[in-house]
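J.: So you can see what is in the structure, the chains are spelled out below.
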Amino acid sequence: MYVSRLELVDFRSYPHLVVEFEAGCSVLVGPNGVGKTNLVEALHYLSTLDSHRVAVDAPLVRAGATTAVIRGEIVHDGRSLLVELAVEPGRANRARLNGAPVRRPREVLGALRMVLFAPEDLALVRGDPAERRRYLDDLLVARQPRYAGVRADYERVLKQRNALLRTAYLARKVGAGARDLSTLDVWDLHLAQHGAELMAARMELCAALGPHVAKAYDAVAAGRGAATVAYRPGVEGGPDRATLAQALSDALTAARPSEVDRGVTLVGPHRDDLTLTLGELPAKGYASHGESWSFALALRLAAYELLRAEGVEPVLALDDVFAELDTGRRDRLAELVGGAAQLLVTCAVPQDVPQRLGGVRYDVAEGALRRAG
Amino acid sequence: MYEGAIQDLIDELGRLPGVGPKSAQRIAFHVLSADPADVKRLAAALQRVKELVRFCTTCFNVAESEQCRICRDPRRTGDVLCVVEEPKDVVAIERTGEFRGRYHVLGGAINPLEGIGPDNLRIRELMARLADGTVKELILATDPNTEGEATATYLALLVKPMGIAVTRLASGLPVGGDLEYADEITLGRAFEGRRAV
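Taken in sequence, the protein lines are chains A and B. Numbering of the first sequence is given in our numbering, commencing with residue 1023 and proceeding in unit increments. Numbering of the second sequence is given in our numbering, commencing with residue 332 and proceeding in unit increments.
None of these hints come from the bench; they were simulated from the model. Keep in mind that this is a model prediction, so the values were computed, not measured. Some hints could be false.
[To be verified] Covered stretches of chain B (chain A as the covering partner; in silico rule of three or more C-beta atoms under 8 Å from a C-beta of chain A): (1) 401-407; (2) 446-459; (3) 479-487; (4) 509-517.
[As the list claims (entries may be wrong)] With beta-carbon atoms standing in for the labels, derived distance ranges: (5) A/GLU1042 x B/ALA513: 34 to 40 Å; (6) A/VAL1196 x B/ASP474: 46 to 52 Å; (7) A/ARG1116 x B/LEU347: 22 to 28 Å; (8) A/PRO1127 x B/ASN476: 16 to 22 Å; (9) B/MET458 x A/LEU1192: 49 to 55 Å; (10) A/GLY1112 x B/ALA336: 29 to 35 Å; (11) B/ASP404 x A/PRO1151: 35 to 41 Å; (12) B/ARG526 x A/ARG1116: 34 to 40 Å.
The beta carbon of each residue, even a glycine, is placed where N, CA and C say it ideally should be.
For reference, chain A alone in the conformation it holds in the complex (with noise of 0.2 Å):
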């Protein structure tokens, strides 16, 4: 698929702007700080319903203006599809396909299926586990929307059940004695059950990920020592639900005393990692800077080539990429991404993007964007 037209009113640095897209690559040029990420922010936010820059909408919306809209059409078996997203913060956003509302925003997710990767994904590797549970779990959400509903179904059976711990512990505290922890078994079961569920489901996307990880680090590494990664759960057992919800209540079980003790749920896939190793050394602590964020790379890269073997081929974003790379890697990178459907390529020199990518430049200048040549 790719987006062929790309309309924003009000969204970040920009009033009102219409562009055109073609399939294949399209270079953005332009110098630091005049919204190049804006556009590939928008695109993403349109595909994902959420920013990787901001976690609340407010930023989104131009100062002074109330609302954003975000107008895209995604062509895909060469149909094409409208897809309007009316960001207002404070308010549930409002979304259109093909002009007729629908009930739900959701209901736009996978309309545009885009992988993205930016700067702050060095985060994935240098981050909290959090970081690295998200981009597993986003991707399950991707791949099997019916994963979102496990995702919500455990985090809130974590927060009741965190709830219930809490209570317990803050009324011991001030010494009202022991209270009724008599529906903790009956969270137990549903957080297990819940668990083994989204365990299961990372374990075997881990799995899937595991060769495209490693073949894109080759590609965009100096190719020292091989890229691998491994869910790390805190029970053992798997990967088959039965045994992992068995796994899972067996730890609960055992954790149930310092659990009521520290008023808090300390078992379950919200506490698991996903361990990147280089060579033999874990990639968090020993990878150097450049290394770190070509492993980055790689497991969006990674995300990209699992999607694109599984059906729907997704619009590649690369938001300043090319920068940061030697002119060897470069052209492997160019390679590896050339075939997409779609590449969208951020960059403040235009020499930084290799010959063989081709394409059609955009110059990117305030607030506009120009078709060059």
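We have chain A; now place chain B onto it with these hints.
T.: What follows is chain B alone, placed relative to chain A:
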């Protein structure tokens, strides 16, 4: 902002569930222009509902006497009991015309975030009803969300050892709709829960 009585009315209406400020204003001006007799009837109905409506002493459905209509009905079988969260769930199930047993209204679901535990629900009363052995099947019809599922599991763990059959409502695709209009999550789950035919 309006003055005095009309603003008071708008404020009160705005506190009702599902009524936003714009709707509250529209209803308030409708009341203002309505026939005084109609308004009196509405006011009387509002007052009567608080004065007359009570909860059935057996099943805790809404009732106008000691027991609700369903508990008083001798044609209802006493060996199947359907557990629901709220009185409005009783009405929903009654509309199906499928169920000829009796109900038990819990008054909510287990929800630690809101401080609701088993003691805040009518679970002790349910156990008392089940103690005499007339009920042979307990149908758990709590909502299909996290809290409703937890409540259903809690009751199942409690009741199963008593030798009573415990069943749970099925969940899946809405009947009469098109498959293509089901959202991915519902359809995905229906796939997971598929059964042999």
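J.: In terms of beta carbon proximity below 8 Å, does the stretch 509-517 of chain B have 3 or more residues touching chain A?
T.: holds (count 3)
J.: If you check the beta carbons of A/GLY1112 and B/ALA336, does the distance land in 29 to 35 Å?
T.: holds, 31 Å
J.: Would you say the stretch 446-459 of chain B counts as covered by chain A, given the rule of at least 3 residues with C-beta under 8 Å?
T.: holds (count 4)
J.: Apply the coverage criterion to the stretch 479-487 of chain B and chain A: a residue qualifies when its Cβ sits closer than 8 Å to a Cβ of the chain, and three qualifying residues are needed.
T.: Our answer is that it holds, as 4 residues pass the Cβ test (under 8 Å) against chain A, meeting three.
J.: 34 to 40 Å was suggested as the range; check whether the CB atoms of B/ARG526 and A/ARG1116 agree with it.
T.: Holds: the Cβ-Cβ distance is about 38 Å, inside 34 to 40 Å.
J.: Could one say that the CB atoms of A/ARG1116 and B/LEU347 fall in the range 22 to 28 Å?
T.: The hinted range 22 to 28 Å holds for A/ARG1116 and B/LEU347, with Cβ atoms some 25 Å apart.
J.: B/MET458 and A/LEU1192, beta-carbon distance inside 49 to 55 Å?
T.: violated, 29 Å
J.: Is it true that the C-beta distance of A/GLU1042 to B/ALA513 lies inside 34 to 40 Å, as the hint says?
T.: holds, 35 Å
J.: Using the beta carbons of A/VAL1196 and B/ASP474, state whether their distance is inside 46 to 52 Å or not.
T.: Given about 33 Å between the Cβ atoms, the range is violated.
J.: Between B/ASP404 and A/PRO1151, does the beta-carbon spacing fit 35 to 41 Å?
T.: At roughly 58 Å between Cβ atoms, A/PRO1151 and B/ASP404 fall outside 35 to 41 Å, so the hint is violated.
J.: Are A/PRO1127 and B/ASN476 spaced within 16 to 22 Å by their CB atoms?
T.: holds, 20 Å
J.: Between the stretch 401-407 of chain B and chain A, see if three or more residues pass the 8 Å beta-carbon test, and mark the coverage as holds or violated.
T.: Our answer is that it is violated, as 0 residues pass the Cβ test (under 8 Å) against chain A, missing three.
Hints 1, 6, 9 and 11 from the list above are not met by this structure, while the remaining hints are.
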